[in-house]
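Taken in sequence, the protein lines are chains A and B.
Our numbering puts the first sequence at residues 1 to 427.
Our numbering puts the second sequence at residues 1 to 320.
Any given hint could turn out to be false.
To be verified - Example chain A residues on the side facing chain B (calculated, C-beta under 10 Å, incomplete): (1) E76; (2) P384; (3) P385; (4) A389; (5) V400; (6) H401; (7) N403; (8) S404.
What the hints assert, rightly or not - From the structure, some residues in chain A lie toward chain B, with a derived Cβ separation under 10 Å: (9) A81; (10) F200; (11) S247; (12) D248.
Claimed, not checked - Per the computed footprint, the stretches of chain B lying under chain A, defined by three or more beta-carbons under 8 Å from a beta-carbon of chain A, are: (13) 183-189; (14) 223-237; (15) 264-273.
None of these hints come from the bench; they were simulated from the model.
Heads up, the beta-carbon is just placed ideally off N, CA and C, and yes, glycines get one too.
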Amino acid sequence: MRRRMRNVALGAVASVSVLAAIAGCGSSGGSSSATTGVTLKLYNDKGAWSPYFNQLGTMSKKDIGIGMSPVGYTDEPTYQAFIQASFHTNKKPDLFTWQTGGQLAEIAQLHQVANTTSIWQQGIADGDLPKGLEQYYTVGGQQYCVPLNVAYWGMFYNKAIFTKYGLTPPTNWTQFMHVAQVLKSHGVTPFYETDVLFSFVWFEQLLAGTDPQVYEQLSTGKASYTSPAVVNVMKMWQTMINDGYMSDPADKTDPSVMLKNGQVAMVPDGSWFNTSMTQQNLKPGVDYGYFIIPNVNPSLPKTSVILESGPLCSLVNAPDEAASMKYLKWWITPAAQQPWSSARGDASANPKVSVTGDTDLSTVMKNAGAGQYNLLLRYFEAAPPPVLAAALDAFGAFMVHPNSYMTQLQTIQQAQQTYWSSHQAGS
Amino acid sequence: MTTRTPLRLTPPRVPAALAAGRRGRRGHGDRALFGRFRHGYIAPGALIVAGLLYLPFLWTVYLSFTNYDGLTPATWAGFANYRALLHDPALLTSIRNTLIWVAGTTLLPVGLGLLVAVLSYNLRGGAWLRLPFLLPYAFSGAGIGLVWGVLLSPGGTINHLLGFFHLPGASTPLLSYAPLNTIVLIIAMTWQQIGVNTLLFVVGLQSIPREPIEAAKIDGASGWSMFRRVIWPLLTPLTTVVVGLALVASLKTFDVVWVATQGGPGRSSETLAVTMYRDTFVADQYGYGSAVAVLLTVVTGVVSVIYLRQQLARREGLSG
């Protein structure tokens, strides 16, 4: 009996050894504690940006002696699940991208993400970070992460189509609808919309341009999705769909391809869409243009512009905390931001950085810096995850069945009530 | 007609000399050695299964009774998640779609696989005829979702083909409306699965003994009557396995749907597995998603057990 037990124990030990060996194979082996000569792994949900990350990794190696290699994900839920799991394991990323809004607040309140208040203070003092951006990175009076990017959401348009029909970028809602009507009358689908992931875009744009206060209150649980302001926006969206202004939401063709070949005349997107356009060999100002979508409500004092800013973060217990923090400090400087911006043709969080060769985006950046816009956080970051998930599905269903807007709003409101019943509204 | 020859699984005959050797002194020693270490031999596999399957499942069951959001510590919720399941309209859609998947993928790929196998068996060049059906099996579910997602998208190849042949549906967005989106994705999976089912049925046909076939021929059986009264009954054991595999695979359909539609639009093409993933990892409702996972596991287990028990009972009846 004792011998049998010993054999079983031996077998178990051998098995555990095998499992441990297998587990060991998956480990990165840890990082050096020295702040130079290391290569940090930057986990991100922007798999298509790997060439640009690699470019910055090479530059940082030269500038500060710390290299960086990206680990890009393309599926958002998989990426978020990995990062969340890393909080509870020893397999932690050196650097990672995340979302502002409620999602940043969640991980900051759990004391998982490294405090970057000193970087922000120095960055603002040096003019490398705009004071206006600080609020999106502040949780409980402290700052966390630094801006990976900033993007202003506007409308990209096919210049050849606009020229062909004698159209110019609209400056008010009436002109905007006129442009759509003219395009439609010539058999051109005016706008792009999709029922996957970015199904929130038109809802966000129409509500922000109609009632920005309600837009912000929705994200903090202080407004209802079934309130008259929201219902009216859905009716407006319904009319636009029924008028044939929208592309088929189920079309999985890349929007940059649709814009290029004239399947649609306009695509509402963040200024990072420039990267996709560049990959299509399209030139800003020549092949395509970009304008800020006018407010629906002309009496609003400022034009509502959706701002997206993705954070670049480090964990409290990062494998090499000193190296990660050093990297974040370097990331916000013009030495990093100018090539980062130029490579992608997108805006930078650093006001000293200019976008070369893109007059439209440069103008928007200049106006934003001058405080001409009412900048509102993108819905994707602003809404709590369970509400966002319900909303993305509901907007997708609405696009297919535009008459179901009230049912869809009730579905989102149910998720809103469930979420805020266990969270403090307004926090 | 001749009487049916029951298919019995009998242990292979052991040559007398080998059997004598087993009973010999050395054979006895080997067996004793194996006996002493048998738990040690089993332990690695058992630990891997326990560590990677049973423990996560028990953890999932525990999570299903909590309000875990993936970040903050889990709080006990009792049966709240299970009660919420009963009132979730998205779950009803998901169950309906899963049932369509079960019906579709146990009928189409298995039925067509059998048809191709029977028609091409004993045919000159039959192997070459079967090859095109087998090639799509090399695709992963995600690959099928990606390729067919493009083919089925509005104005895509399928719409163009329907238009070219003046067939209805040329302007219908095939992935937009339920249950059409589920049905077209089942067709996509059928395209992939026919080949492997054909292969399995050909193996089944090859294993049928010649005697009953010859006897049936002498009795005048041919064509459909030969298939229905002789070949089909002899294929029953294999059909049980093929249908059983298709049944379980259909119940856990995920990748093709997630890649092609992400369960949309508006959750209209979700299956139980997609609902589980969406609620857990997209909505960060790990507790609720775990409850869906437990439901899916129970459904799959119950359906599989019922099916296999029925089939085995039938076989017992046939052979008894």
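These are the hints, each one checked on the structure:
At a threshold of 10 Å, the smallest CB-CB gap from E76/A to chain B is about 8 Å, leaving the interface hint in force. Residue-level restraint check for P384/A holds (minimum Cβ-Cβ distance to chain B is 9 Å; threshold 10 Å). Contact between P385/A and chain B, as hinted, is supported at the beta carbon level, the nearest pair being about 4 Å apart and thus within 10 Å. Because the closest C-beta pair between A389/A and chain B is about 4 Å apart, less than 10 Å, the hint holds.
The beta carbon of V400/A is positioned within 10 Å of a beta carbon in chain B (closest approach about 5 Å), and the interface hint is therefore held. With a least beta-carbon distance of about 8 Å to chain B, the hint placing H401/A at the interface is held under the 10 Å criterion. A cut of 10 Å between beta carbons decides the hint on N403/A: the least distance to chain B is about 13 Å, and the hint is violated. The beta carbon of S404/A comes within 8 Å of a beta carbon in chain B, closer than 10 Å, and the hint placing it at the interface holds.
Because the closest C-beta pair between A81/A and chain B is about 5 Å apart, less than 10 Å, the hint holds. Checking F200/A against chain B by beta carbon gives a least distance of about 13 Å; that is not within 10 Å, so the hint is violated. Nearest Cβ of chain B to the Cβ of S247/A: about 9 Å, under the 10 Å cut. The hint holds. With 10 Å as the threshold, the beta carbon of D248/A comes within range of chain B, its nearest partner Cβ sitting at about 4 Å, so the hint holds.
Remark: the stretch 183-189 of chain B is not confirmed as covered by chain A, as 0 of its residues place a Cβ nearer than 8 Å to a Cβ of that chain, below the required three. For a cut-off of 8 Å, the count of residues in the stretch 223-237 of chain B with a CB near a CB of chain A stands at 0, and the three-residue condition is violated. Requiring three or more residues with a Cβ within less than 8 Å of a Cβ of chain A, the coverage given for the stretch 264-273 of chain B holds, as 5 such residues are present.
The structure does not agree with the numbered hints 7, 10, 13 and 14 stated previously, though it agrees with the rest.
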